[in-house]
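K.L.:
Here's the letter readout for the chains.
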Amino acid sequence: MKVRVQRAPFDFAAEAAAFGGAGAGAVVTFTGIVRDCEGSLQRMEIEHYPGMTERALTRIAEEASARWGLVGGLIIHRYGPLVPGEAIMMVATSAAHRAEAFAAAEYLMDYLKSRAPFWKKEIRSDGEAWVSARDADEQALTRW
Amino acid sequence: MKVRVQRAPFDFAAEAAAFGGAGAGAVVTFTGIVRDCEGSLQRMEIEHYPGMTERALTRIAEEASARWGLVGGLIIHRYGPLVPGEAIMMVATSAAHRAEAFAAAEYLMDYLKSRAPFWKKEIRSDGEAWVSARDADEQALTRW
Amino acid sequence: MIEILYFAWVRERIGLPRERVDTRAATVADLVEELKLREARYAAAFADLSALRVAVDQDLTDFDAPLAGVREVAFFPPMTGG
Amino acid sequence: MIEILYFAWVRERIGLPRERVDTRAATVADLVEELKLREARYAAAFADLSALRVAVDQDLTDFDAPLAGVREVAFFPPMTGG
Numbered sequence: 001m002k003v004r005v006q007r008a009p010f011d012f013a014a015e016a017a018a019f020g021g022a023g024a025g026a027v028v029t030f031t032g033i034v035r036d037c038e039g040s041l042q043r044m045e046i047e048h049y050p051g052m053t054e055r056a057l058t059r060i061a062e063e064a065s066a067r068w069g070l071v072g073g074l075i076i077h078r079y080g081p082l083v084p085g086e087a088i089m090m091v092a093t094s095a096a097h098r099a100e101a102f103a104a105a106e107y108l109m110d111y112l113k114s115r116a117p118f119w120k121k122e123i124r125s126d127g128e129a130w131v132s133a134r135d136a137d138e139q140a141l142t143r144w
Numbered sequence: 001m002k003v004r005v006q007r008a009p010f011d012f013a014a015e016a017a018a019f020g021g022a023g024a025g026a027v028v029t030f031t032g033i034v035r036d037c038e039g040s041l042q043r044m045e046i047e048h049y050p051g052m053t054e055r056a057l058t059r060i061a062e063e064a065s066a067r068w069g070l071v072g073g074l075i076i077h078r079y080g081p082l083v084p085g086e087a088i089m090m091v092a093t094s095a096a097h098r099a100e101a102f103a104a105a106e107y108l109m110d111y112l113k114s115r116a117p118f119w120k121k122e123i124r125s126d127g128e129a130w131v132s133a134r135d136a137d138e139q140a141l142t143r144w
Numbered sequence: 001m002i003e004i005l006y007f008a009w010v011r012e013r014i015g016l017p018r019e020r021v022d023t024r025a026a027t028v029a030d031l032v033e034e035l036k037l038r039e040a041r042y043a044a045a046f047a048d049l050s051a052l053r054v055a056v057d058q059d060l061t062d063f064d065a066p067l068a069g070v071r072e073v074a075f076f077p078p079m080t081g082g
Numbered sequence: 001m002i003e004i005l006y007f008a009w010v011r012e013r014i015g016l017p018r019e020r021v022d023t024r025a026a027t028v029a030d031l032v033e034e035l036k037l038r039e040a041r042y043a044a045a046f047a048d049l050s051a052l053r054v055a056v057d058q059d060l061t062d063f064d065a066p067l068a069g070v071r072e073v074a075f076f077p078p079m080t081g082g
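Protein chains in written order, with full-length UniProt numbering: chain A, 1 to 144; chain B, 1 to 144; chain C, 1 to 82; chain D, 1 to 82.
Check the hints yourself; a few may be wrong.
With a cut-off of at most 30 Å between alpha-carbon atoms, the simulated DSSO-like pairs for lysine-lysine come out as follows [said to hold, decoys possible]:
| id | chain 1 | residue 1 | chain 2 | residue 2 |
| --- | --- | --- | --- | --- |
| 1 | D | K36 | A | K2 |
| 2 | A | K121 | A | K2 |
| 3 | C | K36 | B | K121 |
Since the hints were derived computationally from the structure, they do not count as laboratory data. Remember, it's a predicted structure, so these values are computed and weren't measured experimentally.
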């Protein structure tokens with residue numbers, strides 16, 4: 001399982017190609033993209049907690065890998081400024097069968113949303129605001 | 001939603017890049033790969049029912065698109081001979097949020113497994129056999 | 001005249017991928033009974049209907065589906081895509 | 001000496017990303033009480049602990065976590081990654 005926390009953009013297609021699926025029967029990827037629902041988003045700023053971020057992501061990754069017997073796993077998460085349309089992060093999981101690959105990818109996403117130290121701020125033409133945590137995201141953890 | 005049934009290999013990374021995620025916040029992909037668990041698989045032959053295949057996949061795709069309000073969707077499924085390590089098929093879904101993108105991708109896979117007219121035959125060094133449908137795959141449909 | 005298609009091991013057991021038959025069978029089940037009377041290979045292929053699936057004009061259906069106006073009937077084992 | 005880190009709106013409200021404090025607080029909650037007595041901006045940032053999360057030596061924990069031997073305490077709002 002590989003974990004990368006970086007300021008630079010990443011190329012989802014190249015990462016997916018490099019991730020491959022050797023030895024696996026099923027590969028699942030997830031990509032999160034900056035959306036501008038209201039048409040006023042100039043950029044998003046992602047703050048994180050260097051040190052703890054890598055530690056938290058590695059723990060989540062190891063947990064998923066052991067629980068679903070993954071063949072491979074990858075988490076990439078960006079910080080710093082991002083504009084609408086840019087990829088914020090991605091995960092990839094590979095396993096023998098689809099049920100394990102899907103479950104592990106959803107688990108990674110659920111934990112990453114609420115347990116990895118990232119905070120999003122939206123800078124809009126009419127002001128800026130920190131994104132609030134959603135109850136649904138915290139609630140999602142109860143299914144695991 | 002795009003549906004392609006083809007004999008030729010496809011490039012997952014290029015397809016994922018072309019699929020993009022414009023207007024979506026979440027993109028999920030799934031890739032199915034030929035596995036050789038026992039080390040004796042020479043190739044897999046996939047037979048399908050031309051005409052009905054496209055019809056069944058299009059119906060499944062439209063159902064998923066409407067049910068989860070997808071921004072975009074893609075199904076590619078190959079037929080003919082494949083060797084271990086080759087990609088058999090892929091799906092991609094994009095939606096505003098991750099729950100919808102994941103659910104739609106899993107729905108597409110569950111229906112595609114048991115309701116699209118494809119049949120796999122394994123050609124091994126010690127003989128050949130049609131792959132049996134798994135009860136678990138039929139059972140998976142009951143969750144939708 | 002109805003076009004009958006066979007796939008996977010059904011095709012292999014019967015020995016051909018498709019054929020046109022002149023039938024007055026009212027349902028798929030009736031058609032199966034007619035086919036079973038033809039030759040041993042048909043009887044073998046259709047011995048256990050629970051192991052078979054059927055599509056009528058390219059839609060999955062049941063063995064009691066009516067054949068009136070139907071152009072194409074396909075028999076095959078449970079599907080294994082994905 | 002304990003290194004205290006602030007993130008997101010906690011950092012903005014307090015006005016600095018980190019500081020070192022000399023404290024004999026036994027728990028995180030005790031430390032919070034000490035900080036609240038300093039200045040209004042601290043009192044404002046820590047007014048509603050249910051809106052805050054805390055990590056001790058880079059592990060998420062609760063406000064009643066002990067501080068013996070701890071090097072680093074971080075305060076921040078609920079996380080919004082992904």
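K.L.:
Would you pick out the hints that fail for this structure and give their numbers low to high?
P.N.:
1
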